[in-house]
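Same order as they appear, the protein sequences are chains A and B.
For the numbering used here, count along the first sequence from 1 and bump the result up by 1.
Take the second sequence: its position 50, counting from 1, is numbered 30 in the numbering used here, and each next residue is one higher.
What the hints contain is simulated information worked out from the structure, not anything from laboratory work.
There's no promise every hint is true.
[Stated by the list, open to error] Derived DSBU-like pairs (lysine-lysine); straight-line CA-CA distance at most 30 Å:
id : chain 1 : residue 1 : chain 2 : residue 2
1  : B       : K40       : B       : K148
2  : B       : K40       : B       : K81
3  : A       : K18       : A       : K258
4  : B       : K57       : B       : K40
5  : B       : K41       : B       : K148
6  : B       : K69       : A       : K18
7  : B       : K40       : A       : K18
8  : B       : K310      : B       : K216
9  : B       : K41       : A       : K18
Here are the chains, one letter per residue:
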Amino acid sequence: MSHLSNPLATAEQLYQKTSTNALPIELQDSIRFYTARLTQAAGILLRLPQDITAQANVLLFRYWLVDGLLEHEFSDISAATLYLTAKISASPRSLRSITNVYAYLLSPTPSDPESYYLSESSYISFRNRLLDIEGHVINALGFNTHVALPHPLAVTYLQTLDVFSLPGNKGKDVAKRTIAYLNSALLSPQMLYLTHQPASLATAAIYLAAREIRVKMPEVEWWEVFDCEREELGFLVVGMGSLEGVARRGREVWGEKGWISREDINGELVKLGVNIGNGGQVEDEEAQMARLLDEKVGDA
Amino acid sequence: MATPIQHASPQSNGVSPRAFAAQHARLPNNFRGCSRITDYDILGKLGEGTFGEVHRAKSKKTGTIVALKKILMHNEKDGFPITALREIKLLKLLSHPNVLKLEEMAVEHHSKSSTDKRKRAIMYMVTPYMDHDLSGLLENPSVKFTEPQIKCYMLQLLEGLRYLHDNKILHRDMKAANLLINNKGILQIADFGLARHYDEPVPVAGHGGGEAHRDYTTLVVTRWYRPPELLLHLRKYTTAIDLWGVGCVFGEMLVGKPILSGDSDPNQLKIIFDLVGTPTEETMPGWKSLPGAEGLSFPTKPSTLWPRFSSYGSGAISLLSDLLKLDWRKRVNAIDALKHPYFHTAPLPARAGDLPTFEDSHELDRRKFRGQKAAPPPAPKGGTVGMGPTGGWGEPNGNGNPGFGPPNGGYGGYRQHNGSRYPQSGYRNGVPPPPPQEERRPAWRRDDGRPSGLPPRPPPVDYHDGRLDRPDGYRSRSREIERPPQRNRVGAPNVDTYIPSYGPDSARRDDRRRRDDRDDRRHHDRGERERDRGLDYDERSRSAITHSRSRSPIRERDRVREREPLERERDRDRDRDRERDIYRR
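Please build the complete structure, drawing on both the sequences and the hints.
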């Protein structure tokens, strides 16, 4: 069984969906980073085990290589992948919980409970959107919902390297940093989980963590034991370390915003003077009227 | 000289294990969408009716013949049916020559012009096309299994099952109808609709199915293949339940028809005990304390396995009795069964490639011959696929993912919402009884102009009266001795009650779903109410309905439903008492 490996993105997929996209690469990065972060936050609030949140983010990135980035509202696609991943796991979450958590995360003023109250009608419309997107996701992924994660592998590797027998708490510290690097890499717009197998990701995270905690690793090329080539390791070490820059650039553009929407992207595009047709699905007047009407009825 | 095992194992059918692995490895290097239904030329329907539709089709890309199994979706409140999602995820991770492979998923989009957004796309599961299923093959009067052939199939079945169990999968619906066979002599295990991961260590040689540490739902396995511990509601069951099914299939191949075809759960227990002897503290330690054994007692009867199967030789009987052990802890596991002397003694197992080929056996063909609609088989009690009220679905944990915490409360009712195959109604077993014997003539006597490629067999002896010897339609021993290797199935009462299953999807799912539709609202309401009570409802109503089976199940069902719940409950108890009385005697 292919438990330990993942389907990887083809070069063609990566090229077509990123380089030939009319969307500036910086904005693509922002969409990936902020949406993955939203999923992560929702996973924490939903008290999902981290492996499920992680799988959801991997599925989300995979989906975006098949269908376009702007196909759905980012928060909707994030919620839908999280719902789908939890559904097939041992810790499913109800649609109600998911929608409530996202309403909370998306509310402009989380201190004010009224701002994240979800009326029955907006719940139903959110739910229907999720279920619709779910279908798009499983179709786009061809039902390949299995995701192999590097986290458990990393722990095994650390044990193999005898890291936990180090004096003091150093072993545990290295393990913590390793897991932290792996979780950060989930947010990386470089889509490291789609381009590298779990074994390599685990090895690179261990390399970074050991260097940071100043734990001496074997003198030899130990990564080769874990099926990771020197070149790949070098790439991943750089990739995993580059997230900070992405976050910083994001902050420059979006300020303190915790998440971004398609509307934000459109606004930014206007600023940049770029006009792309497919993304600007601003709600037309009629649809807006219908929605307001629905909400009225629901609240009554 | 090669040992017989290697000789007959599927890997050696001209293909080395390495080559096989190379051929069958799933390409891990991409993820792309489902293929379209238009990538296939539909060649014809293989089956329809109670279990939805299965089509034979040819891939336009590769030219291979495949089977397309439709996934029905009705009122999916929670999105894509979770049972199907799990089954697909599971199947995509499996790769073994004796396990039906899920090639891919195909989607049929509705025309863009249709404005009805509610119309969802239809999904198909694409699997290799298999010419027969074992049940259909056994039913075909022109097919007669030889001993080397049976050994060959048994080895393949056990190889497949060993692989599944080694990968921590319980199949939970082992039966002849779920074993597909192609004209190359390859047997594959299909239908993972009831399968799930199990949490315990995998079986090891010499230790049977091991011990279960947790509860699973007992509402699994089609009745005729259901092991005694499940009939007695053991919840901590092991991989041994699948081995009982293998025993039943083995017996079925020897005899030519299902060997334990009970018409109700109590009756099933009775005929099991008639065959392998009544349970004692020695043959089935602790059976008295099983929930379903309450109030049961039997006059001690010895096993009749030897006299009944004497004509098949001591090797066969020895293997059969290892597989049909009452004590699930001592029941042989797949690893040890493969080493059984039966497979090493003459006549040695045939090579799969040397087996004769047969005319296709599919449900539609058979129905055509029969000129009447086949009655469905007794459906499994079903269960929560992969997750009962008792627990969650173990992720394929080969990667050792952490975080499969305790199951969430209330999730047991999940399946009612997604319109999955197991509505809370306990009437799933209200299967119409097989048509009365008098109206039916065995297929071999009716279909004179049948386009059979094989020479007609001499007309077999009519066993109609023989059937009366035993209530369960089992042939009497004396007849067996008169005519030892009588292997084709003749007018036994349950002969026709079979539906093939080409996909990992199963017949009952669709059947039940349809029923679910009919009174959808009701089910949902009740689903909510009954959720807390969990399986209890299922179990109780099951015992109530077994009585109405032989009459008109549908009307009976409605009648029962219309009465007050309290009254219904009382009836149920009464019915159950009545059933138990059989054993108190």
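Open item on the list: Tell me if the straight-line CA distance from B:K310 to B:K216 falls inside 30 Å.
Closed with: Between B:K310 and B:K216 the Cα gap is close to 15 Å, so the pair holds against 30 Å.
Open item on the list: Check whether the Cα positions of B:K40 and A:K18 lie no farther apart than 30 Å.
Closed with: holds, 28 Å
Open item on the list: B:K69 and A:K18 were given as a pair; does the straight-line alpha-carbon distance stay at or below 30 Å?
Closed with: Holds, at roughly 26 Å.
Task: Holds or violated: B:K41 to B:K148, with C-alpha atoms at most 30 Å apart - done: Violated. B:K41 to B:K148 sits at ~34 Å, over the 30 Å cutoff.
Task: Holds or violated: B:K40 to B:K81, with C-alpha atoms at most 30 Å apart - done: Roughly 19 Å between the alpha carbons, so the hint for B:K40 and B:K81 holds.
TODO: Verify the proposed pairing of B:K41 with A:K18, using a straight-line Cα cut of 30 Å.
DONE: Judged against 30 Å, a Cα distance of about 25 Å means the pair holds.
Open item on the list: Hint check: B:K40 vs B:K148, CA-CA at most 30 Å. Holds or violated?
Closed with: violated, 36 Å
Open item on the list: Given the hinted pair A:K18 and A:K258, is their Cα-Cα distance within 30 Å?
Closed with: holds, 26 Å
Open item on the list: Hint check: B:K57 vs B:K40, CA-CA at most 30 Å. Holds or violated?
Closed with: violated, 35 Å
Taken one by one, the earlier hints fail for this structure at numbers 1, 4, 5, listed in ascending order.
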